[in-house]
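One line per chain: the protein sequences are B and Z, in this order.
Each residue of the first sequence is one higher than the last, beginning at 3 in our numbering.
Each residue of the second sequence is one higher than the last, beginning at -11 in our numbering.
I should point out that these hints are in silico values taken from the structure, not numbers from a laboratory.
Bear in mind the structure is a predicted one, so any value in this text is a computation, not a measurement.
Note that the Cβ used here is the ideal one computed from N, Cα and C, for glycine as well.
Be a bit skeptical, because a hint or two may be false.
[Claimed, not checked] Chain Z is faced by these chain B residues, among others (derived, beta-carbon under 7 Å):
1) E147
2) D151
3) E157
[What the hints assert, rightly or not] Keeping only pairs whose Cα atoms sit at most 30 Å apart, straight-line, the calculated DSS-like set for lysine-lysine is:
4) Z:K113 / B:K154
5) Z:K132 / B:K201
6) Z:K441 / B:K120
7) Z:K336 / B:K154
8) Z:K217 / Z:K174
9) Z:K113 / Z:K583
10) Z:K441 / Z:K483
11) B:K201 / Z:K20
12) Z:K583 / Z:K483
13) B:K154 / Z:K132
14) Z:K132 / B:K42
15) Z:K50 / Z:K429
16) Z:K132 / B:K120
17) Z:K466 / Z:K451
18) B:K77 / B:K120
19) Z:K20 / B:K154
20) Z:K113 / B:K201
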Amino acid sequence: MRATGGPDVAVGDELLSVENVSLSFGGVKAVSDVSFDIRKGEIRAIIGPNGAGKTSMLNIINGFYHPQKGCITFKGQTRARMRPHDAAYGGIARTFQNVALFRGMTALDNIMAGRTLKMHSNFFWQLLRYGPAIREEVEHRHRVEEIIDFLKIQEIRRVPVGRLPYGLQKRVELGRALAMEPELLLLDEPMAGMNLEEKEDMSRFVLDVNDHYGTTIALIEHDMGVVMDLSDRVVVLDHGIKIADGTPDEVKRNQAVIDAYLGVAH
Amino acid sequence: MASNAAAGAETFPKLLIRNANVCGARPAMRHKDLGIWQTWTWSQTLDIVRAYAVGLHRLGVKRGETVAIVGGNRPKLYWSVMAVQMLGAIPVPVYADAVADELAYALAHAEVRFAAVEDQEQVDKIQSVMKRLPQLELMVYDEKRGLRDYDHSRLRPIDEVIDEGRKALADPAVAAWLDNEIATSKGSDPSIILYTSGTTGTSKGVVLTNERSIHAAADTVAFDKLTEKDVALAYLPLAWVGDHYLNYAQGLVSGFCTACPESPDTAMSDLREIGPSFYFAPPRTLEQLLTRVMIRMEDAGLIKRKVFHYFIAVARRYGERILNGENVSLTGRVLYAIGNILVYGPLKNVLGFSRVRVAYTAGEAVGPDLFSFYRSIGLNLKQLYGQTEAFLYVTAQPDGEIYADTVGPACPNVDIRIADNGEVQFRSPGMFSGYFKDETKTAEVMTPDGYVKTGDAGFFDEKTGHLKIIDRTKDVGKLNDGTMFPPKYIENKLKFFPNIHEAVALGDKQDFVTVMLNIDLTAVGSWAERNNVVYGSYQELAGHPLVYDMLEKHVAEVNRSLAEDKVMAGAQIRRFLILHKELDPDDGEITRTLKVRRGFIAERYAPLITALYDGSKEADISTQVTFEDGRKGTISARVKIRDMKPAATPAMGKAA
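With the hints as constraints, model all of the structure from the sequences given.
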């Protein structure tokens, strides 16, 4: 599915790496001793059966969970833990497994909310909505309109997101994440609960985001067809342990992965 | 402006130059981009199109050859049409939603070497059939998204073509060459090839010439008094004759502004923002709009709902008569004025009709209720009849002579006659010069004395002098006594009743007309609920005596309306029955586009048809049905048949 030939985004330098990260909740070990890296410009998939620790991993990356052991290196800076605002300012944006939008607000306002960190005019101008504040808003609105155009959601610009079908809500959520102009975009099951056509659309958008904006993408997904088509490299978790890491083809052939998905006779 | 159109300029590029000179600062085109309406004036448009034409020429587009245009209503594609015409080449717009196969047919048949396309989707589609298009050399595209990594040896963005042309135009020699090219084009040169949609066989390329197109457009621009101050929204397919006529040709002739929607899905809200003064919508769109309004009103508060329904009733009583300039009592006028402030005005505003001066509908029969609803709230909705071969207009209703069941008298300078077999034939200023590369088909539709056969049967209404279209000629049958029997005309009349979902009229080579009806489960079901009629299934409801009584009234009404036309009076319905099951595309009884398949139904329901004509009061039928999961089953039923008395004809009464 990926376009071949022509100038692609330079895949190479390491953007983020996690080393020997462990996270447990009381006696439950969500993630144990996992290391992997995400390179600039790639689409990196994290897969695994239910309860494998995929979402925990994303939460560690964007600083929502704090691992007990290990460290995270993002853009050359090594930390024991990420903090959410460091992640956000550093250029990490995400979408959620269960859509987390402002339901009463329009699609446009939701995406505008993604620009919050980029607004710099002071509180009083914003309160007056005058002078620098309005100039800034126009600029941000322009960026947001580009995203709306990119995601082809012009017709729902003014519709409160609570009234939208699920597939479109997911798209608005992606739009809000894109509004942050992230370097690293974390997608938690972007295609969950979608029908085939919606999945195809979303796959196309994920590829386009990667291609058009050069955004590095880490995604969790259950649909193997989608994962194998979209991603450059795949890391497989099972019970919080990394069992495989490599290109989709390598992973597909890996016996440990096959066992984890299909089960083995004990 | 319209008056000097025919005199001053005989080609579209010359019209463009005239517009730039006469009303250069007026908007020619608008397009909503990134949420903001962008405007191009006539002089800006001329600049762009000149540069574009030079750019295309440098890529190799030559006089007389064809260039495909594939995509939605976007300024750059309209400019592509203009630029191609400026070079004396012939644009060939193709439906953007055509599947790759159909696209390949049209592009191959038209022998295009170049194509101007909208976006990646169209590029992909054309590339997938490239094998069948050996002569296609280059595509230029509007939307660059997703195309960055494509092989650009045969692809070029339109912007780049325009930029290169602009640089080249800086050389006075190039500018002079272009002026000469524009001057060389003659009015008799082909201006466009429009492919018919192909619902009746393979699609044919209809060749229209500059001069004739401009003459036709000038006539209707004068007819509806369109000026450069008018605005239209171009939201119907670019490749359809309607869009090319109503927006492109009339726009260039009158100098009005054509607005392009942001995306196909936003057309309705764009309509509201633009507030067009000239509007066209097929009946189906009007119906969808009305349904949407009605559904939203049901969700409104009690007071709002009461006010709405009260004033809609007022509008139904007085609205149309006020619009037609008839005599209306003072009370009626006062009530209507209040309604206008409270309901009609706001409603039209929401629908984007506030500034519409002239609105047309065409394409299929429009329900009288639907038609009069829009007219009653003050929308000047009219009907027209036409086809691609005529460059759209054959007839149109003039202001003040509006009827739901006619399509109006012949347009200015159009001659219409009815052939012996009932077929409508016409000769018009805008008529086509022939089908592209298909002289046999051209000869088939042209009469020796230069009329075009429409393939539609119709007659002139005696009261109004307007044309009425009844059916396709090949579908019109004859009763044994020789009376004309147009099944679709009768079926449409029946289907305008909300309770009747589908109807099949029978009568060809029979003594009289009979119909088989399908009830509309939603409408009849809600009636049953209100009237305490208990039923367990569709079949039971369809066979209920009270339902029969209700539908009998509808059939009687249709008979009355048929009796009013002398030509139709003999084709009144004598017997009818209500089918025990819904006609279903899964069972092959109707097509996916919901057209009745008569031959198949005649076979499948043979026992019922026999009973309709042998005088039985009821008949047994058992039919195989396909369920949604693909399983098959059988439904059997005993279906009752009702007799109808024919209504008296006014004309018959006089004779007797």
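Status of the hints after comparison with the structure:
The interface hint given for B:E147 holds, since its Cβ lies 4 Å from the closest Cβ of chain Z, which is under the 7 Å cut-off. With a least beta-carbon distance of about 6 Å to chain Z, the hint placing B:D151 at the interface is held under the 7 Å criterion. Evaluation of the B:E157 hint against chain Z yields a held restraint, the C-beta minimum of about 4 Å falling below 7 Å. Straight-line distance between C-alpha atoms of Z:K113 and B:K154 comes to about 20 Å, which keeps the hinted pair within the 30 Å bound.
This hinted pair checks out: Z:K132 and B:K201 have alpha carbons roughly 23 Å apart, not beyond 30 Å. As the CA atoms of Z:K441 and B:K120 are separated by approximately 66 Å, the hinted pair breaks the 30 Å bound. Between Z:K336 and B:K154 the alpha-carbon distance is near 28 Å, which keeps this suggested pair within the 30 Å criterion. Simply put, Z:K217 and Z:K174 have alpha-carbon atoms about 29 Å apart, close enough for the 30 Å limit, and the pair holds.
Between Z:K113 and Z:K583 the CA atoms are separated by roughly 29 Å; this keeps the pair inside 30 Å, and the hint holds. A threshold of 30 Å between alpha carbons decides the hint, and for Z:K441 with Z:K483 the separation of about 28 Å falls inside it, so the pair holds. Of the pairs offered as hints, the one joining B:K201 and Z:K20 holds, with about 28 Å between alpha carbons and a cut-off of 30 Å not exceeded. Proximity of Z:K583 to Z:K483 is assessed by CA-CA distance (about 13 Å); at most 30 Å being required, the pair is judged to hold.
Using a Cα cut-off of 30 Å, the hinted pair B:K154 and Z:K132 holds, with the two alpha carbons roughly 14 Å apart. Note on Z:K132 and B:K42: the hinted pairing holds, with a Cα-Cα distance of about 24 Å set against a maximum of 30 Å. For the suggested pair Z:K50 and Z:K429, the alpha carbons sit about 28 Å apart, so the restraint of at most 30 Å is met. Between the alpha carbons of Z:K132 and B:K120 the distance comes to roughly 28 Å, so the proposed pair stays at or under 30 Å and holds.
In summary, the hint linking Z:K466 to Z:K451 is supported, as the alpha carbons are separated by about 24 Å, within the 30 Å threshold. Annotation: proposed proximity of B:K77 to B:K120 holds, straight-line Cα distance about 20 Å (limit 30 Å). The hinted pair formed by Z:K20 and B:K154 meets the criterion: a straight-line CA distance of about 13 Å does not exceed 30 Å. For the suggested pair Z:K113 and B:K201, the alpha carbons sit about 20 Å apart, so the restraint of at most 30 Å is met.
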